[in-house]
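Trainee: What follows is each chain in one-letter form.
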Amino acid sequence: MRYLPLDDADRAAMLATIGVETVDDLYRDVPAGAYLPRPLPDLPPHAGEMAVMRSLQRLADRSVPAGSRPFFCGAGCYRHHIPASVDYLIQRGEFLTSYTPYQPEVSQGTLQMLFEFQTQVALLTGMEVANASMYDGATAAAEAVLMAGRVTRRHRAVLAGNLHPHYRDTITTLAGFTGFNAVSADPRPDGREDLAGLIDGETAAVVVQTPDLFGNPHDLRALAEVAHQAGALLVAVVTEAVSLGLLTPPGAMGADIVVAEGQSIGNPMGFGGPHVGLFATQSRHVRQMPGRLCGETVDADGRRGFVLTLSTREQHIRREKATSNICTNSGLCALAFSIHLSLLGEAGLMRLARLNHARAAAAADRLAAVPGVAVVNDGFFNEFTLRLDRPAAAVVDRLADEGVIAGVPVSRLHPDRADLDHLLLVAVTETVEDEDIEALARGLAAAAA
Amino acid sequence: MTTLLFTRDHEWIRRDSADSTDGTIGITHYAQDQLGDIVFIELPEVGRAVVKGEEFAVIESVKAASEVYAPASGTIAAVNPALADSPALVNESAEADGWLIRLTLANPAELDGLFDADGYQAYLAELG
Amino acid sequence: MNRTGRDTRPAGNTASDGETRPLVLETPLIFEQAGPATTGVDLPDPPPGPPRLGPVAERASIGLPGLSEPEAMRHYTRLSQQNFAIDSTIYPLGSCTMKHNPRLNEAVARLPGFADVHPLQPEATVQGALAAIDALAGWLKDLTGMPAVAMTPGAGAHGELAGMMAIRTALADRGETDRTHVLVPESAHGTNPATAAALGFEVDRIPADARGRVDLAAFKARLGPDVAAIMLTNPNTCGLFEGEIIEIAAALHEAGGFFYCDGANFNAIVGRVRPGDLGIDAMHINLHKTFSTPHGGGGPGAGPVVLSDALAPYAPLPKVVAAGDGRFALAERAEGAHAKSFGRLKAFHGQMGMFTRALAYILSHGADGLHQAAGDAVLNANYLMARLSAVMTPSFDGPCMHEALFDDRFLKGSGVHTLDLAKALIDEGFHPMTMYFPLVVPGALLIEPTESEPKRTLDAFADALIGLVARAAAGEADAFAAAPRKTPRRRLDETTAARRPVLRWTPPAPTQEAAE
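So the protein sequences, as listed, match chains A, B and C.
Numbering follows the working numbering, with no gaps: position 227 of the first sequence is 227.
Numbering follows the working numbering, with no gaps: position 51 of the second sequence is 1051.
Numbering follows the working numbering, with no gaps: position 51 of the third sequence is 2051.
Source of the hints: derived by calculation from the structure; they are not laboratory data.
The reader is advised that the hints may include incorrect statements.
Stated by the list, open to error - Restraint ranges, calculated between C-beta atoms of paired labels, are given here: (1) Val286/A with Leu1127/B: 53 to 61 Å; (2) Gln57/A with Ala2473/C: 35 to 43 Å; (3) Ala2339/C with Glu1042/B: 42 to 50 Å; (4) Arg2/A with Gly2324/C: 45 to 53 Å; (5) Ala2329/C with Val298/A: 55 to 63 Å.
All C-beta atoms in this analysis are idealised placements derived from N, C-alpha and C, irrespective of residue type, glycine included.
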């Protein structure tokens, strides 16, 4: 077996050193009857690399990769081009096969990268500090609500109706188990929702997404003021990180915590994971922030170096008093994010964001010209909502059969809202070409006919 | 005459006299030594009521975090303002400049049974 | 020419402190290298046109530096060279299972049918991805002997959260809301009490006996109508199999509680013991430990949690379900058979990229290979235990499972601390073991070699440790306190880092002169 270096001679010599006859003797503490001295029957035996690749290639071929046809899905997960150098660098064994940098003297590579990542995230979100990443955007949003509870010592969260329903559900699951009362507003596809009436003196967090589920960017300043007057924290959610290359960031609009899904930068869609949650806040809240943190210090020779710090907030030390039960971050995805963002730089990110916006604007204009199709949004970044003249899910399925992945029908995310079932979310990134937009327009026209 | 008493959890309380209801509270030299370099101290709000045995502060060192418990019930009258910027004061002067809070005692009789200085030293000797 | 057989290592080569050496190359922060104008990505010009951003203004500047592609390659390559990794050295961190990460798994994860697929594409277009999840789920159920598995948790601690949420939901469904206490052995991972407390349970500690196992009498005495569950790691954090686990499960079930098993150490028993045969109700599986998905410098992980029939109805959504004719569907709503689900834990369907890697690993090993891998992991740990017991002090009598636990008694009087020994090991070219964990053992040293190490590496590691122990005994405490000396950085000042946290780069303040 290619992954096991010991041979039988090694094993025999080692057993002799230990002073037992067989490996089975080392399992003598296992209750009799529960120990399996032979491999489980009815399961396949080991296989060579060629055979494994062949069988998994066959499985993979049963999916339709996004790159193989016109593709318009978004709703919290976006298809962007990833430079080849990003995927090469994250596969360097020193990054790929190292662990959490608990021994800083031999982990400066990971630590310096995390310090750079934290700074990039802080700059991008317009906040003062960021952590070393979370599982994904939705879990980051749930942790933000709990953090707001610790800061305000209150237990009520107000969730915008245009928050991604998966984020809403992730928050309400965790909230329900932790004594939080989370109230959700109704979705408003046109983006004109007013949360002020739901905010009261018991509110810990107001959670709002920009651009929202339907693609509408939000100016958060008035809402931030209302939240702050009530003593609540404003939690801003960004599910498309590339939008931060063009839009005024939530940190400049009064947000107290910004959480984001960082997948868009450096990471493939991967059927939904692993992705990378970004989490940023103001310095004064740093000790209530969940997740790992890397900080700068000096070594015994006075040279700059980096360490994991403020770890007394974490589960392995505080145990039942920890800020969160989380121990891993999303290290390798954070690395991919950081490398891709370094390659883009400010100039490249802004250009990428403008390109996305321009592609989406061109698509919105073209699709609005299709009979029976209307664009719902006044404003958008790279994703907008179409209102069709019939249920969108059936149209999407039909177009999929015809070779166009048309987008995400809102009914997939809001299955209980019959009033939204004609709505289709369409994301248009830099990877979409003019002929893709034409194919979608033709498909929608044919479906409406 | 000043009285100084100690708890089994390594807090001290100092008062101007045995019947005074104004106590200054901190952790002992032994406790700071056990914690190592202290990096942050979370102190309560002035005016908060605490009951005997309740956690009123958290002291963080690099590797550990430790709760500090009220040796008696009362109301927080003051917190040491110097600790926000200089938590190391507790390492340097645990039983003087590194005090944590001033407490207005609700019932000084609750302090009966705490160690005096000699008793606390004997207790430490027992701990080894 | 070197025909005389002389030592090829030059005498007196003591490269050390702060010396600039080839192949230990520094790289400044990206913010110190470049400005906002440079970019390493060529993109077409966006066509002109008015922005249509609704009420939000365009941002003016961000402050991000950019690197050209060669600069980026050099920066990250240099950073990588400052890391120890499994690819370069034994990484025997106890309770972390740092085993070989096969590159086949990386290739599989990047197949477009798995990687270039959107989570909300029509189900008909993601059948391969769903089939892969189902195939891995099948293996996990077979290997654990459990009837159900929830695949969505993002890491071990998340799986633990899912399992305990299922338990709390099941208790509420039974009307047993008075069960508010969770029993956690003293030796548990910190996540266990953190998870229980996060869900509002009271955490009660159960002491260990002199053999490093749960004190069965103390455990039984604590059982009662207020107990919701026990959270027990098996093999436990001392690297020992809980031999009385079946009795523990029986007593707990008799008293109406659920058995949560922390599967962090499953690598010791995979293919040799099915946790389902031991009476557990839930167990998370760290795919990055037992099934070799890369640790990636701290994630991403994946933490599927297997569940008993009693807990399966409460599993989180979404779930992959068979739809007949070899096809699969996603159950995303709490309705029908899934009406009792406690809800959603994560944005999408789980850590797909980790599932495909784990599946490639499992298929490569097969049932026989996994059986052998667990045996080799346990053999390697016991071999180190045997070789080191002469000079170090094992905490408990053997045999151990996949990790060997020592305490610091052998260092008594030497002036050398556990930490110093670990740091000195770095200078010998090895990654240290886990230190000061489990907390129940003073000065703990927990060594988990995994099955990936050949015997000669184990011998070299043992020889190095034996040599260090001799030096400690010989009174070289000062040298230990100064270690490591050969690393890119020497010991770092963690106190300053925590007292005055600097958590991001900030532009240097303008000098007085410039400001005036």
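Trainee: Does each hint fit the structure? Answer for all of them.
Mentor: Cross-check of the supplied hints:
Judged by the Cβ atoms, the range 53 to 61 Å given for Val286/A and Leu1127/B is violated: they are separated by roughly 35 Å. A hinted range of 35 to 43 Å for the beta carbons of Gln57/A and Ala2473/C is inconsistent with their spacing of about 57 Å. Between Ala2339/C and Glu1042/B the C-beta distance comes to about 43 Å, which sits within the given range of 42 to 50 Å. The given range of 45 to 53 Å is broken by Arg2/A and Gly2324/C, whose C-beta atoms sit roughly 37 Å from each other.
Checking the proposed 55 to 63 Å range against Ala2329/C and Val298/A shows it holds: the Cβ atoms sit about 56 Å from each other.
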